[in-house]
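Order-wise, the sequence lines are chains A and B. For the record, in the first sequence the residue sitting at position 7 is 94 according to this note's numbering, with numbers rising by one throughout. For the record, in the second sequence the residue sitting at position 166 is 242 according to this note's numbering, with numbers rising by one throughout.
Hint data in this document are derived by calculation from the structure and do not stem from the laboratory. Just to be clear, a hint being listed does not mean it is correct.
Away from chain A, derived, C-beta distances all over 10 Å, residues of chain B [to be verified]:
| hint | residue |
| --- | --- |
| 1 | L124 |
| 2 | R126 |
| 3 | K130 |
| 4 | T132 |
| 5 | T175 |
| 6 | R188 |
| 7 | I191 |
| 8 | G209 |
Where chain A lies over chain B, by a calculated footprint (3+ residues, C-beta under 8 Å) [as the list claims (entries may be wrong)]:
| hint | region |
| --- | --- |
| 9 | 96 to 102 |
| 10 | 106 to 118 |
| 11 | 195 to 206 |
Just so it is clear, CB atoms sit at the ideal spot from N, CA and C, and this is done for glycine as well.
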Amino acid sequence: MLVAPIPSVEEARLTTLRRLLILDTPPEARFDRIVEFAAAEFDVPIALISLVDRDRQWFKARIGLGACATGRDISFCGHAILGEGIFIVEDALLDERFADNPLVTSDPHIRFYAGFPLQVGGHAIGTLCLIDQTPRQLDGIDLAILASLGTIVVEEIKGEAQ
Amino acid sequence: MNGASLGHLAGSRTFLIIEPQHLLRHTVALTARNLRLAEIYEAGSYALARELLKSTSYSGVLIADDEEGDGLDLADAIRRGETACRRDVPLGLMMPFCTAESMERIRELGIRDVIVQPLRARTVLRTICSLLGVTEDGSPQTDAVTARSSAAAPAPAQRSRPSAAAGD
Chain A
88 MLVAPIPSVE EARLTTLRRL LILDTPPEAR FDRIVEFAAA EFDVPIALIS LVDRDRQWFK
148 ARIGLGACAT GRDISFCGHA ILGEGIFIVE DALLDERFAD NPLVTSDPHI RFYAGFPLQV
208 GGHAIGTLCL IDQTPRQLDG IDLAILASLG TIVVEEIKGE AQ
Chain B
77 MNGASLGHLA GSRTFLIIEP QHLLRHTVAL TARNLRLAEI YEAGSYALAR ELLKSTSYSG
137 VLIADDEEGD GLDLADAIRR GETACRRDVP LGLMMPFCTA ESMERIRELG IRDVIVQPLR
197 ARTVLRTICS LLGVTEDGSP QTDAVTARSS AAAPAPAQRS RPSAAAGD
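I would like the entire structure built from these sequences, with the hints used as guidance.
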């Protein structure tokens with residue numbers, strides 16, 4: 088298993104995240120709607136708005152997953168926040184970075200992951216992600232829709248939504 | 077209510093989507109703009125839609141109907157020339173359900189595409205493409221460091237005969 092490296096801008100990233108005052112807040116319908124929409128749109132069992140904290144990933148909104156947080160060291164989202172584009176793992180069992188990850192080998196048995204990094208203030212604070220228990224592929228239109236939903240998450244976080 | 081949203085110019089194509097569900101409407105509009113399908117305008121209410129239709133002739137219009145048939149009434153107004161649009165502008169309809177009576181009215185109004193709820197953004201996008209007469213195109217680029225974990229595609233088969241298939 089490969090633990091995602093810590094970005095060089097981690098302290099600034101965490102400062103940005105903390106200033107949003109969103110960690111450990113109650114569920115909100117405006118975010119719940121987005122993960123519900125995403126799960127239905129892509130027909131996946133799990134969709135999350137994940138915020139990557141120093142040692143954990145915490146879920147502001149989740150569908151299909153009972154846990155409200157996991158360790159950062161086993162998170163796929165920890166990898167997703169390292170880049171600017173959508174991070175995709177089509178089959179985790181075929182990827183040596185994740186094949187022995189406990190989130191793959193046991194519940195929730197992740198096989199497919201697609202995470203859109205949520206960019207706020209120049210930093211990726213987390214992701215909007217889709218998870219399936221079977222291998223999947225996303226085409227260009229799927230990616231565009233996921234990116235749009237991620238953009239809407241950012242708009243909501245920044246308070247730009249109506 | 078939502079204001080009109082100007083998207084990236086895609087030739088001279090302008091499109092109006094009228095849908096009160098903000099998340100569906102905004103997702104579709106953002107995606108269509110990103111894919112450069114058209115300059116997309118959004119209206120979250122029939123009142124705002126009527127205002128937008130007074131001043132702009134759109135290349136296509138997609139209307140969400142409600143249980144009272146207000147969407148069909150708006151389509152009727154377009155067909156009667158009460159807006160800035162051409163009377164024969166391509167129209168699509170999103171409906172909660174379909175009845176024989178509504179189907180008759182849809183035929184009379186020359187509505188080209190009808191989709192019934194529940195709606196997926198992809199289905200709505202496909203309908204927009206159909207109304208505009210364009211194909212789905214464009215996609216956001218994934219980051220250079222993201223690595224697809226699926227097995228590499230097999231190398232093209234070596235062709236031993238000189239009459240290889242076209243396109244090789």
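Status of each hint after checking the structure:
1. The beta carbon of B/L124 sits about 12 Å from the closest Cβ of chain A, which is more than 10 Å, so the claim that it is off the interface holds.
2. Look at B/R126: its CB is around 20 Å from the nearest CB on chain A, clear of 10 Å, so calling it non-interface holds up.
3. Non-interface status of B/K130 relative to chain A is upheld: no Cβ of that chain comes within 10 Å, the nearest being about 22 Å off.
4. Look at B/T132: its CB is around 21 Å from the nearest CB on chain A, clear of 10 Å, so calling it non-interface holds up.
5. Consistency note on B/T175: stated as away from chain A, and its beta-carbon is indeed over 10 Å from all of that chain's, at 25 Å minimum.
6. Every Cβ of chain A is farther than 10 Å from the Cβ of B/R188; the closest lies at roughly 21 Å, confirming the non-interface assignment.
7. Distance to chain A confirms B/I191 as a non-interface residue, since its nearest Cβ pair spans about 14 Å, more than 10 Å.
8. Against chain A, the non-interface label of B/G209 holds: every CB pair exceeds 10 Å, the least being about 18 Å.
9. Counting residues of the region 96 to 102 of chain B whose C-beta lies closer than 8 Å to any C-beta of chain A gives 4; at least three are required, and the coverage claim holds.
10. Given as covered by chain A, the region 106 to 118 of chain B passes the check, having 4 residues with a CB less than 8 Å from a CB of that chain where 3 are the minimum.
11. Coverage of the region 195 to 206 of chain B by chain A holds. Counting CB-CB distances below 8 Å, 4 residues qualify, and the rule asks for three or more.
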